[in-house]
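With chain L's structure known, arrange chain E on it following the hints.
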Amino acid sequence: MAKKPSALEYLYDNYSAALFGVIIRIVKSEEVAQEVLHDIFMKVWNNFSAYDAGKGRLYTWLVNISRNASIDKIRSKEIKKTLKTDLVSDNVHTIDYANSHTLSTDGIGLEKVLDQLPEELRFVIDQMYFKGYTQTEIAEEFNIPLGTVKTRTRTAMRELRALLL
Amino acid sequence: MNIENYISSGIIEAYVLDQLTEQERHEVQQMAEQHQEVRIAIIEAEDTLIAFAQKGSITPPVSSKNKLFQDLGIEIQQPPVEEKKEVEESLKANTSTSEIRPAVKERSLYQYISAAASIIAILGIVLSFYYRGQWLETEDRLFSLISQNETLAQQYNIVKNQADQYASNLDILRQPGIENVLMDGLDISPDAEAVVHWNKNTNEVYLNAKKMPYNEDAYQYQLWAIVDGKPVDMGVFDVSGDMTGLLKMKSINKPSAFAVTLEPRGGSANPTMDQMYVIGQI
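Chains L and E supply the protein sequences, listed in that same order.
Here my numbering is used: the first residue of the first sequence is 1, the next is one more, and so on.
Here my numbering is used: the first residue of the second sequence is 1, the next is one more, and so on.
Okay, chain L solo, but in the shape it has when bound:
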């Protein structure tokens, strides 16, 4: 892709809402989310060559750098401690947040989809996608056999696929 100014606008207009949705669910603060989104677009724009088409699609690459940057952010800010002690109420807070601040009603749709997953599958998605834990870390941290974590990941993604596509 040529680095024309309009390309940035194209990238921003097409991907910023999806990425902002990803980020805000992880950092749980509109202000911090704006900061992370800003940093990501600055980096992507100044260093577009970091994208390697062989490593996956542009969209998944953008989603993953957004997740990683957001997770780094909360881990660096020690928000982690308070999150861990109160997982349930935090999730509730996220949903409320989406309800009250969202410009598009689409944002709430994701929580509705997640609510349709069985508890143990939703848990794996939460830990991997929103908290950035690896399968091994989840197994160790929560005393679940690694094999079970792996099959649950697979099942969760298949169920999400059925719900979303």
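Any given hint could be a false lead.
Derived EDC-like pairs: lysine to aspartate or glutamate, alpha-carbon spacing no greater than 16 Å straight-line [to be verified]:
1) L:Lys55 x E:Glu33
2) L:Lys55 x E:Glu46
3) L:Lys131 x E:Asp18
4) L:Lys55 x E:Asp47
5) L:Lys55 x E:Glu24
6) L:Lys55 x E:Glu27
7) E:Lys210 x E:Asp184
8) E:Lys67 x L:Glu159
9) E:Lys200 x E:Glu179
10) L:Lys55 x E:Glu22
11) E:Lys67 x L:Glu35
12) L:Lys55 x E:Asp18
13) E:Lys67 x L:Glu140
14) E:Lys67 x L:Glu141
15) L:Lys43 x E:Asp71
16) L:Lys77 x L:Glu35
17) L:Lys55 x E:Glu150
18) L:Lys73 x L:Glu30
19) E:Lys210 x E:Asp233
20) E:Lys67 x L:Glu111
One side only, chain E facing chain L, incomplete, derived with CB under 7 Å [as the list claims (entries may be wrong)]:
21) Ala45
22) Leu49
23) Ile74
Derived by calculation from the structure, the hints in this document are not laboratory data.
Being a predicted model, the structure only gives us computed values, none of them experimental.
All residues carry an ideal CB built from backbone N, CA and C; glycine is no exception.
Then chain E, alone, in the frame of chain L:
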């Protein structure tokens, strides 16, 4: 390795969520190159991730866009959505005030013009949605073509490497005195197969292990020669990635048979008999 087991092991999801080490990523990419099922599983998982992110879209405030473009020193070309609405509303306001004008002739003229303008505006909006849809579709196709292109280039490299390997294998197999010893799979792995190329003039031994299952990191295969009824260590090897090339093993004089066992990494002094994968007599 069983592909279905591999795919359902959860590794594809970890790959798509970017949670693997560089080495593990590389292994998944190699599997994807070799097996279409793996490629399809990756694309499906990516589609799911994309749909997931799309579903959770939350539009950031307009101020975010303005700040970003300002910081990068780039001018925004399309007015942000809010402004567009304002423009539309002020347009509407203009047309409605014009209706209040008293002159009958003028009013009907304005009505015609405003009706025509509305129709044109509606057509424009419909068309812009249509073209936007087409544009997004084209963009998707472009990205999938880029990735297909990449895959083809990778496959070409694999085939070229294999061709080079076959050429050098041929040089070895053409030497005079080569005996080929086919080793068949035993109960533990009936589909496994390996061939020893033993040169009875020089005692050199080359091994073709292309049809052996991949071994885990903690273990290694060990080749044994049977000489006077006793096993002799011929060296250890790993089976991973592309195994087209022949493996040079230790040299041996007057073997009567060859066999391969799976041993703890580094090999053992004596073969573990219940871990024998293949065996073949001369």
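Output the numbers, in ascending order, of every earlier hint that fails for this structure.
8, 13, 14, 19 and 20
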